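If you read the sequences in order, they're chains X and U.
Taking my numbering, the leading residue of the first sequence gets 1, the next gets one more, and so forth.
Taking my numbering, the leading residue of the second sequence gets 1, the next gets one more, and so forth.
Watch out, some of these pointers could steer you wrong.
Stated by the list, open to error - Derived lysine-lysine pairs resembling DSS-like cross-links, with alpha carbons at most 30 Å apart:
1. X/K86 / X/K63
2. U/K89 / X/K134
3. X/K89 / U/K134
4. U/K134 / X/K134
5. U/K89 / X/K125
6. X/K195 / X/K127
If you are wondering where the hints come from, they were derived from the structure by calculation, not from laboratory data.
Note that the structure is predicted; figures quoted are calculated from it, not measured.
Residues per chain, in single letters:
Protein chains: 2
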Amino acid sequence: MQRYFVPETDWDNMNVTIQGDDAHHINRVMRSKEGDSVICNHPNGKAAICEISEIESSKVYLKIQEWLDTSAELPVEVTISQGLPKGDKFDLIVQKGTELGAHSFIPFNAERSVVVWDDKKMDKKMKRFAKIVKEASEQSHRNRIPRIMPMMTLSELIEESSNYDVKIFPYEEEARSDHHKSLGKIVKGLEAGQKLLVCIGPEGGFSANEAEELTKNGFSPVRLGPRILRTETAALYTLASISYHFEELGCN
Amino acid sequence: MQRYFVPETDWDNMNVTIQGDDAHHINRVMRSKEGDSVICNHPNGKAAICEISEIESSKVYLKIQEWLDTSAELPVEVTISQGLPKGDKFDLIVQKGTELGAHSFIPFNAERSVVVWDDKKMDKKMKRFAKIVKEASEQSHRNRIPRIMPMMTLSELIEESSNYDVKIFPYEEEARSDHHKSLGKIVKGLEAGQKLLVCIGPEGGFSANEAEELTKNGFSPVRLGPRILRTETAALYTLASISYHFEELGCN
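All chains should be modelled from the sequences, with the hints used to inform the complete structure.
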């Protein structure tokens with residue numbers, strides 16, 4: 001069944017109104033009729049099966065039939081702080097990261113990031129990311145849409161990091177060392193409801209200075225297997241591993 | 001250190017010759033000089049640090065300095081049989097799948113594949129995939145380049161599947177069922193050196209007929225977490241989970 005994330009203001013008791021692009025999607029793309037059902041997601045994470053009672057050109061009115069109690073959210077809140085990558089890789093990371101259960105994304109302006117996200121581009125970029133995460137959330141049956149936070153510098157990210165229970169950063173030097181910290185050990189230590197911050201370097205990796213600053217501020221360096229992953233693959237490896245650990249392996 | 005995969009015929013005792021595009025890469029892109037070192041990978045999976053002894057315009061001559069005993073290969077041989085997806089998604093799957101340790105790839109002409117790979121396109125496609133897996137192997141420090149096998153139909157794939165120890169297929173219906181088979185249970189049962197075949201449907205998923213045929217022929221349906229993944233994300237989830245399990249969690 002098709003899913004739509006509906007803003008809080010469009011819920012009223014047993015009635016839901018879908019507007020804008022989503023109303024167009026129901027009307028013109030899905031060619032739904034009165035009496036058809038869709039799933040509406042509330043921003044609080046709940047979802048309900050709703051029946052279409054009336055279709056106007058730019059508004060669709062629905063009645064709640066049944067609240068669902070399924071959750072497709074990871075038990076741990078994982079935030080991906082991604083060093084600004086080249087090209088459209090950030091699009092790929094937010095799309096796949098949403099499918100894989102990320103809670104939030106923070107674009108991180110790293111020392112070796114070669115792209116510049118200036119104020120002029122920022123607004124357009126943020127709107128595109130918001131569209132990607134909404135569509136990926138609907139497609140992957142998420143209960144909530146991940147948040148895209150404003151771009152941060154290293155010092156802003158370190159300040160933000162005080163809000164998290166566990167902080168890690170994949171570090172290539174770590175993958176080469178015999179005494180690397182095991183990602184498994186860190187994930188095993190996570191408890192449901194905890195917040196994990198994963199800081200990922202851009203194409204050129206972290207500078208020695210960044211790695212030192214992160215370590216000093218409680219981030220543990222980790223490796224993600226013995227192979228060297230591209231920057232856009234690191235977030236996907238981390239999220240898939242956490243999903244596998246808690247949702248498929250049942251190690252905890 | 002830069003890595004190059006060198007065909008068997010270009011190894012002779014303590015001497016290695018790098019030709020073609022890779023010679024151009026050493027000469028013009030890396031601007032290497034005599035006395036510089038690179039890592040050469042032999043098709044048998046071994047790798048050696050080699051010193052450049054002479055540079056010609058289209059050939060680079062090297063001497064083996066030291067054989068390396070590191071391996072970046074997954075302990076289990078994972079073959080991804082991917083239902084032909086739309087657009088350039090197969091490129092993404094072979095690139096990321098190589099980074100994540102896949103042993104081989106099989107393009108699978110599924111019932112719901114909407115694209116057609118005809119003979120005319122096939123040769124060009126296979127050459128592009130070969131280039132992608134070689135470059136991704138070098139970049140991710142693999143010991144061997146994954147193999148791209150010819151496109152197969154369902155019955156050809158089922159015949160091929162007799163060469164594998166364990167066979168699975170992610171199935172959306174499975175993700176919705178309460179009695180789904182746990183991927184963790186299957187991965188836990190794998191032993192080093194075993195061969196795993198993962199069959200992934202295209203955008204529209206498997207038809208009921210395909211799912212039945214696969215099940216009848218020893219493929220276990222699995223889910224990859226409770227979220228619905230796009231076709232190109234399924235291979236990456238599976239490979240990352242297997243890497244995490246054996247290489248980072250050390251569950252076995």
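Here's how the hints hold up against the structure:
Taking the CA atoms of X/K86 and X/K63, the gap is about 45 Å. The hint is violated against a cut of 30 Å. Taken as a hint, the U/K89 and X/K134 pair is honoured in the structure, with Cα atoms around 21 Å apart against an allowance of 30 Å. Under the criterion of a C-alpha separation no larger than 30 Å, the hint pairing X/K89 with U/K134 is consistent with the structure, at around 21 Å. Taking the CA atoms of U/K134 and X/K134, the gap is about 35 Å. The hint is violated against a cut of 30 Å.
Annotation: proposed proximity of U/K89 to X/K125 holds, straight-line Cα distance about 23 Å (limit 30 Å). About 26 Å separates the Cα atoms of X/K195 and X/K127, which keeps this hinted pair within 30 Å; it holds.
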